[in-house]
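> Work out the full structure, taking the sequences as your base and the hints as a guide.
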Amino acid sequence: MTRNKDFKAVVRARMRHTGENYTAARTALAAIPSPRVPTQAARTAVARSRMDAARQQRLIVQRWFVDGRLRAIPSRRKIRAAVLLEVLSRVHPGQLYTEQQISRLLGEIHPDFATVRRELVGLGYLQRRDGRYWVCSEPPVRDDHQRDELPAWEEIWLPRFVAGDRGVRASAEVGR
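Using UniProt numbering, the first residue of the sequence shown is number 1, and each one after it goes up by one.
What the hints contain is simulated information worked out from the structure, not anything from laboratory work. No experiment lies behind these values; they were computed from the predicted model shown. C-beta: ideal position from N, C-alpha, C; glycine also. All the pointers check out, no bait thrown in.
Quick list of the computed label-pair ranges, beta carbon to beta carbon: (1) 6 / 104: 40 to 50 Å; (2) 127 / 15: 42 to 52 Å; (3) 40 / 8: 19 to 29 Å.
Here it is, written out as structure tokens:
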């Protein structure tokens, strides 16, 4: 089964054009060496997907945050992760926090700071040891299943954030 939606679209376009079945079209396309320089269409598709991810993130933040505070902790995993990316944007990469400090910071965002803290650690956004917390030094490695359950914004935004780019906010980077 093909997991890449963009590749599926190309395969289906070839099927329409050539009349081949899915497997034959996919095999033929996979045999074509990919160009070293991305085409304009590929660059446009990447830019469009980044803008879509940014727009989706902004909509989620607008829906779930009021005056900088989280209204509730979402039950849907993808939305919860998007909300947690916004929460994470308020923590400084490279800084160590005691449990009291991180709890106070998260308590300003949501009264159930312990659940928020636990979710941040569980997704690999925060790390902890000996009562100390810090932003992960590298984005967590995700398998395909995990990537499907998390917002696309994570792959776009998180690497820059953990690298210390404080100019990026989880909800306000692209296409605003």
